[in-house]
Amino acid sequence: MSEQFELGVAELGKQIDARISSYFSSCVHCGLCAEACLFYTETGDPRYTPIYKLEPMKKLWRQEHTIRGKLAKALGLSKPLQEKDFADWEELVYDSCTLCGRCSMVCPVGNDITYMISKEREGFSRAGYAPEGLKGATQRALEIGSPMGVTLKTVLATLAHVEKDTGLSVPVDQQGADYMTLFSSMEVVNFPEYIESIARIFDAAGVSWTISSKAFEATNSGIQIGNSDNAAEIVGRVVTAAEELGVKYVISPECGHAYTSIRWAGPNLIGRPYRFKVIHILELLDQLKQEGRIRFSGKTDEPVTFHDPCQIVRRGGVVQPQRDLLNGIAENFVEMTDHGVMNWCCGGGGGVSANERADELRIKAFDRKRKQIEETGVNTVVTACANCRMMLEDGIEENEMETTVIGLTELIADYLVTDAKEQSEVR
Amino acid sequence: MIAQLIDGPLWYFSLTVFVLGVLWRLFMILRAGVKKDLAVPRDGSGAGALRAIFSRFVPERTVRRHGKVQLIAGYMFHLGLFALLFLARPHVDFFAERMTGFGWWSMPYWAFIVAAEIAFAGLIMLWLYRLLNPVTRLLSSADDYVGTVLVFLVMLSGCLALAQSVEALRLTHLLLVEMLLIYFPFSSLMHAFTFAFSRGYTGATMGRKGIRA
Amino acid sequence: MLINHRRGLSFFAVLFVLLIVSPAFAEDAASSNKPVTVPNPASDLWRAVNPQQLPPAVAAMFPRGDSQVQGVQSGVLINQQGQIWRYFRMKQLLPIGGYLLAGAMLAVLLFYFIRGKVLIRDGESDKKIERYSVYERMIHWFMAFIFLFLGFSGLILLFGRSLLLPWMGPELFSILASAAKEGHNLFGPLFLLALVLMFLKFVVRNIYQKGDLTWLLKGGGIIGEHDVPSNFFNMGEKTLFWLLILVGGLIAISGVVLLFPVFEQGRGIMELSHVVHAIAAVIMLTVIIGHIYIGTIGMQGAIEGMTSGYCDLNWAKDHHSWWAQRCIDEGKIVPKQQGSAVHHDNPGPGEVEK
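Chains as they are written, first to last, in the numbering used here: chain V, 1 to 427; chain G, 1 to 213; chain A, 1 to 354.
Hints are supplied without guarantee of correctness; some may be wrong.
[Claimed, not checked] Computed from the model, here is a short list of chain G residues facing chain V with C-beta under 8 angstroms:
{"hint": "1", "residue": "35"}
{"hint": "2", "residue": "37"}
{"hint": "3", "residue": "69"}
{"hint": "4", "residue": "93"}
{"hint": "5", "residue": "97"}
{"hint": "6", "residue": "100"}
{"hint": "7", "residue": "104"}
{"hint": "8", "residue": "135"}
{"hint": "9", "residue": "188"}
{"hint": "10", "residue": "195"}
{"hint": "11", "residue": "202"}
{"hint": "12", "residue": "212"}
[Claimed, not checked] In silico PhoX-like links for lysine-lysine, alpha-carbon gap of 25 angstroms or less:
{"hint": "13", "chain 1": "V", "residue 1": "364", "chain 2": "A", "residue 2": "336"}
{"hint": "14", "chain 1": "G", "residue 1": "68", "chain 2": "A", "residue 2": "127"}
{"hint": "15", "chain 1": "V", "residue 1": "59", "chain 2": "G", "residue 2": "35"}
{"hint": "16", "chain 1": "A", "residue 1": "127", "chain 2": "A", "residue 2": "336"}
{"hint": "17", "chain 1": "A", "residue 1": "332", "chain 2": "V", "residue 2": "371"}
Since the hints were made in silico from the structure, they are not lab data. Beta carbons: idealized from backbone N, C-alpha and C, even for Gly.
Sequences are here, hints too, so could you generate the full structure?
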């Protein structure tokens, strides 16, 4: 048994808190969580049952937290965890779980299975059993500052483009601004429209904001791979930068897991509350709308539906703002059958999108979303997460669907009433 | 001799194992502890916990659609079992005589029969589902089957001893109950107590985030 | 009301006679033909308390006895049909039923040694078809569980006294008999539930179709060597289904009559119910012995459909070739290595049958 593996097992043991202990005690193996998991429903493979992904952790819990397990271990009736257990389960723990949290909503005894899996990943990653793609992303996040390897130079270049296209100036390192804005690398690289939209909206609403050159990246691969030390370092950069600039708020970008990382996990990772507040961009936009600081020039009559990013809604608690906003700019907003906190994942969350090994399975699991979209009969899907958007576009292309995907913030910017626009309308 | 053992010392022994075992298991859970959540909450955790403890009695749409059989059988079994356990006349008398010192309302005979039918139908269905559905078959361990069979035998022996006319059958029932009590703290039957903890913990976390779970 | 009741009783009595052609009367006749008749001094008393035996004119004077007890037939002291029922149970049901069941088991064994196990002609393939959903299998095994429990407890009640009592001794047997009686009564209503669930789930596929008769005439492919095509269910399975529903239904209804004496049913109806219950149960047990045989040791690959839910493709081709062909056409064949195909929103395998 290697030393690293032992460290992993020790870490796994440390993760078992009262929550996890009560969860394992309560599970009666009813298997209903399977029905909530898109990896099970789309493959029919019982191995993808959420609680089954926790067998290694359960084994350890039983041996360390139950009388029977301790007895069996002492008598040599149950073997301690083997490397093989981790090797066999790595795919289940990383490839077939997007940490979407749907299983946690249906469990009759109330087990937060997603929480358990994220804690199990702590042990797995310490032991070295994590997918290469995620290991690489985490490495890049730590060394370069972004899981996709985006450097400050790239960001500044993008910002220059944005300034040129919008004719607005994008404030960087502005001491004492109200809001510090973060991005996900994917937005910088694939969807600079998001940054453009933000610049335009904030300008129209008169929001005092800035970008930090020390921390622009909002995503946190440490959370996805399950390494709280790495996660703490990544989130710590944001905290340091925000507190140095003295901002009142940090804005989490559309990206789903960035929000849960900074808003909910962050203070626990660094071990103290922040000296600023975290707000999701959708919450802020909804607030601006309600305060009348942004107005819309009309509504699109094209029917739209909304894909809820799991981490924003089910794991983050931002449910209503996106609906208020969308109803403000869309005449015909059609909800999917399972929406809000019971939405179905795009298939690429929780680090699955960074894990090439899981691509085939992910595309198969996307079938759930395909059926959902087709059921609405709508050809435009609005979402609020760059990663979801990539995954949706990937799945749509793979399935040869006639669906377009658009970011909500972008859509809002399109219908924004700016002074210039108003004048032209008056004329 | 055996009769006296079953009716006396063994009963008190099994009851002690049950009570101490359950308390120990709950202590083990609480001892593991939960770290204080430092994130600024959106809503209260207490309300969330309370909410989840009750809201999970009502299944989600996903479960209503795809877990119908388990849902119906599960409710049949649990409701039937509770009715039998707490409201059957012989049980009320037993509780009054040995534990509480006072009795309470008990079901008429026909209601007892109906409760037993419902509980049996539910339990057998759940048992078969466990065996026949690939997911539950994969998840289930010996513990799940032992628990099911023990509960089944306890219920069966109880109903066979119905008239209480045959002492041997009553003692068989009591002996099986004692075995169940001893087995209880070591098994997933513990969910009867820990479900409130699980739902509470999850509900509290979700509550802080402002999610209705 | 009273007249009707008595007419009803005599109707059942006639039924009894037709049903069992009882030799009891012959015995009675023989005894009355004795050369010297010595009048029993108590006979007048017996006649008085047993008014049904009197000529109608006299019986009218004693319409029924008087009793403080208010209840169905509480005024009847002696039940004439009781003797016939007792005779049926002890002298006919026990031996005939016993030999029938033993014979059925023997026949099955004999068949096994003569015909041998029905093998899959081309051997097992590496492909399978989904045959029964989880819910369908649950219903089947629920029925099986209840049926066997009721079957065994019923057999203990019926044959226990002659077969088990001498062997177990009275103490042990009385406990067993008491338990069997309570258990039989307890699980009885669940049989009705199982019957209803089974009917609802399987009835569509069990409606007789074209080709079923040919299947029967060709011996179902078990006796002859020829390949006899059939649908999802063949004639034999369909007949088993309808036997279960109809004969099983009789068992259930007569059982309910016996179990709940709250519908003002008198002794006559109870006795008739018992006769129906026993005869139907013996028939059904005999049939089920055959069913269990062919489902287990009698045929290769037969039980898999009911355990795993999947059957071997070659087995399906052998025994349900039309259904197998339809599954092939619809692309429902899965490799054996793979787990269940996408199960969500798919209809159960039975629903394809129209």
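Quiz item: Between residue 68 of chain G and residue 127 of chain A, is the straight-line Cα distance small enough, at 25 angstroms or below?
Solution: Cα-Cα ~30 angstroms, so violated.
Practice problem: Tell me if residue 202 of chain G is really an interface residue toward chain V, meaning its C-beta lies closer than 8 angstroms to one of theirs. | Solution: holds (4 angstroms)
Quiz item: How about residue 212 of chain G: closest beta carbon in chain V under 8 angstroms, or not?
Solution: holds (7 angstroms)
Exercise. Tell me if residue 135 of chain G is really an interface residue toward chain V, meaning its C-beta lies closer than 8 angstroms to one of theirs.
Key: The hint holds - residue 135 of chain G has a Cβ within 8 angstroms of chain V, the shortest such distance being about 4 angstroms.
Quiz item: Close enough to count: is the Cβ of residue 97 of chain G nearer than 8 angstroms to one in chain V?
Solution: violated (31 angstroms)
Quiz item: Does residue 69 of chain G pass the interface hint, meaning its C-beta sits closer than 8 angstroms to a C-beta of chain V?
Solution: violated (11 angstroms)
Quiz item: Regarding the pair residue 364 of chain V and residue 336 of chain A, is the alpha-carbon distance no greater than 25 angstroms?
Solution: holds (20 angstroms)
Exercise. Answer holds if the nearest beta-carbon of chain V is closer than 8 angstroms to that of residue 100 of chain G; otherwise answer violated.
Key: violated (28 angstroms)
Exercise. For the pair supplied as a hint, residue 332 of chain A and residue 371 of chain V, confirm whether the alpha-carbon distance does not exceed 25 angstroms.
Key: holds (21 angstroms)
Quiz item: Does the interface hint hold: is residue 188 of chain G within less than 8 angstroms of chain V, judged Cβ to Cβ?
Solution: OK, holds: residue 188 of chain G within 8 angstroms of chain V, min 5 angstroms.
Exercise. Double-check residue 104 of chain G for me: the hint is only fine if its C-beta lies closer than 8 angstroms to a C-beta in chain V.
Key: Nearest chain V Cβ about 28 angstroms off; hint violated.
Quiz item: Taking only the CA atoms, is the gap from residue 59 of chain V to residue 35 of chain G under or equal to 25 angstroms?
Solution: holds (23 angstroms)
Violation of the numbered hints given earlier is confined to hints 3, 4, 5, 6, 7 and 14; the remaining hints are satisfied by the structure.
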